[in-house]
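Since the structure of chain X is already known, use the hints to place chain U on it.
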Amino acid sequence: MTTEVDDLKFRDPEAAEELAADIEAQMARIDEPVEIMHVCGSHEQVIAKFGLRSMLPADLSITMGPGCPVCVTNMPEVDEAVALAEAGKTVATYGDMFRVPGTVKSLADAKSEGASVEVVYSASDAVDLAAENPDEDVVFFATGFETTAAPTAAVLQADPPENFYVLSAHKYVPPAMEVVAEMPDTDVDAFLAAGHAATITGYGLFEEFTDEYDLPVVVGGFEPLDVLYGVRRILEFIEAGESGLDNAYPRGVSREGNVAAMGAIDEVFERTSGEWRGIAEIPEANFVLRDDYAAHSARRQFDVEAVDGAGDPLTEECICGNIMAGTASPKECDLFGEECTPSNPVGACMVSDEGTCKIALEYGGQPDL
Amino acid sequence: MCLGVPGEIKEIDGHEAVADFWGVERRVRLDVVGDAVDVGDYILNHAGFAIRKIPDREVEETMAIYESLFGDDVDEALDEIGAPQGADIDLGDEQPAAEPVGESNDD
Chain X
1 MTTEVDDLKF RDPEAAEELA ADIEAQMARI DEPVEIMHVC GSHEQVIAKF
51 GLRSMLPADL SITMGPGCPV CVTNMPEVDE AVALAEAGKT VATYGDMFRV
101 PGTVKSLADA KSEGASVEVV YSASDAVDLA AENPDEDVVF FATGFETTAA
151 PTAAVLQADP PENFYVLSAH KYVPPAMEVV AEMPDTDVDA FLAAGHAATI
201 TGYGLFEEFT DEYDLPVVVG GFEPLDVLYG VRRILEFIEA GESGLDNAYP
251 RGVSREGNVA AMGAIDEVFE RTSGEWRGIA EIPEANFVLR DDYAAHSARR
301 QFDVEAVDGA GDPLTEECIC GNIMAGTASP KECDLFGEEC TPSNPVGACM
351 VSDEGTCKIA LEYGGQPDL
Chain U
1 MCLGVPGEIK EIDGHEAVAD FWGVERRVRL DVVGDAVDVG DYILNHAGFA
51 IRKIPDREVE ETMAIYESLF GDDVDEALDE IGAPQGADID LGDEQPAAEP
101 VGESNDD
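For the protein sequence lines, the chains are X and U, in the order given.
For the first sequence, position 4 (counting from the first letter as 1) is numbered 4 according to the numbering used here, and the numbering increases by one without interruption.
For the second sequence, position 2 (counting from the first letter as 1) is numbered 2 according to the numbering used here, and the numbering increases by one without interruption.
Derived by calculation from the structure, the hints in this document are not laboratory data.
Here the structure is a predicted model, which means the values were calculated and not measured.
It cannot be assumed that every hint is accurate.
[As the list claims (entries may be wrong)] Per label pair, the in silico range of CB-to-CB distance:
#1 Glu58(U) / Glu162(X): 35 to 45 angstroms
#2 Gly14(U) / Gln301(X): 41 to 51 angstroms
#3 Glu60(U) / Gly88(X): 45 to 55 angstroms
#4 Asp266(X) / Glu11(U): 29 to 39 angstroms
#5 Arg290(X) / Glu16(U): 20 to 30 angstroms
#6 Asp185(X) / Gly14(U): 25 to 35 angstroms
Glycine included, every Cβ here is placed at the ideal spot set by N, Cα and C.
Excised from the complex, chain X in its bound form (with noise of 0.2 angstroms):
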């Protein structure tokens, strides 16, 4: 019996046999060499935990795009962070941002250095502390992709206290894969598009990728199987020399996507060009506050000083940008498990649960003995 989406229901040895050996022979009869790419940290996760890419033929390759938000957050933003907090302002954010790298410090250094830096676990959290501190300005330093651009659009909308402002980092994915798909170094032939993102969006917003593009993009569920499956998937389309889209993660993903957070996030944000870390300058996938939320925008609000000061020499070194655009792997970085670990980390790949590096490290970063 071949297994099918409905079927994946549990973790199963057997199903998970009989995708690889469908997977192997899909390979045999394609012929050549495929590279899929994925598009999160949450997929990184699974496939290095569960130890997907033993399972997988040699000539099929599953690397990791720009699906760490934490790792496309550009050093100026935050700087920009840091730059606040050093003027007085109480700065909340995520605590994967706490020690990502500025130009000269990370947050986690200016607290050290006695700024206001609180670590919060979701935007409300960040509201309330605004709220219980009227006489401080709190600003939010508000990063991630789509599924937490919509809880920070949420915020805003529902009359936030005059003393909450955002610092928006927020980044959106789609944009990111066109550029990546068109970078010269890249050879990717199919896109794994990632599950939890696309509940926001649905998966209906890929169709126009797959025409101008011409890959197969398939949105894959975060259980072994779910990616199994999406790989199955993906081959099927490479086989058959078509460009198609399919949903491999029905359970989690429809096609209109979740419209009340696309609503909040459009009526909030605006999309501008942005730098995303060591990738390019990305047209219109940096989320801004529109111009109805300006009071609560610490960009519009404050004066935010520029950094001044070289930086770390050793993040010269840091190959985290290529990485991310599928240009290279960690082990090809000369401070991998060296000058870079995840207590020490030069380069935001490192930093993140959801970093390439810090995965790779974690599952399988052991220097071959």
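Relative to chain X, chain U alone:
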């Protein structure tokens, strides 16, 4: 994390709710869930916001998948929702002591 975590709604007060995640209760906002949610429904929580109501027919399967995904170590799932382990949190309580490393905001 990109990974949302499913929980059962226990209380609702406007857009604010309390959801149970494997025995730990945590505040969840309902602003952007996109569907009507009642006590007893299951939602997918992401950074303190429900981003999807899990259809009734998929609840059992979804919970089983998550339990298998997290293995015997439900602590990982609790870490995902930012819960201090072994403690219940009710509406109005102080936030847990922030542990900077290990929390994720990614989608």
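Has the hinted range 41 to 51 angstroms been met by the Cβ atoms of Gly14(U) and Gln301(X)? About 28 angstroms separates the Cβ atoms of Gly14(U) and Gln301(X), which means 41 to 51 angstroms is violated.
Cβ-Cβ distance between Asp266(X) and Glu11(U): within 29 to 39 angstroms? For Asp266(X) and Glu11(U) the Cβ distance comes to about 30 angstroms; the hint holds.
Do the Cβ positions of Glu58(U) and Glu162(X) conform to the proposed distance bound of 35 to 45 angstroms? Between Glu58(U) and Glu162(X), where Cβ atoms are some 42 angstroms apart, the hint holds.
Go ahead and decide if the range 45 to 55 angstroms is satisfied by the Cβ distance of Glu60(U) to Gly88(X). holds, 51 angstroms
Quick check: does the Cβ-Cβ distance between Asp185(X) and Gly14(U) fall within 25 to 35 angstroms? Since Asp185(X) and Gly14(U) have Cβ atoms about 51 angstroms apart, the given range 25 to 35 angstroms is violated.
Pairwise beta carbon distance, Arg290(X) to Glu16(U), judged against the given window 20 to 30 angstroms: Holds, since Arg290(X) and Glu16(U) (Cβ atoms, about 25 angstroms apart) stay within the stated range.
Of the numbered hints listed earlier, those contradicted by the structure are 2, 6.
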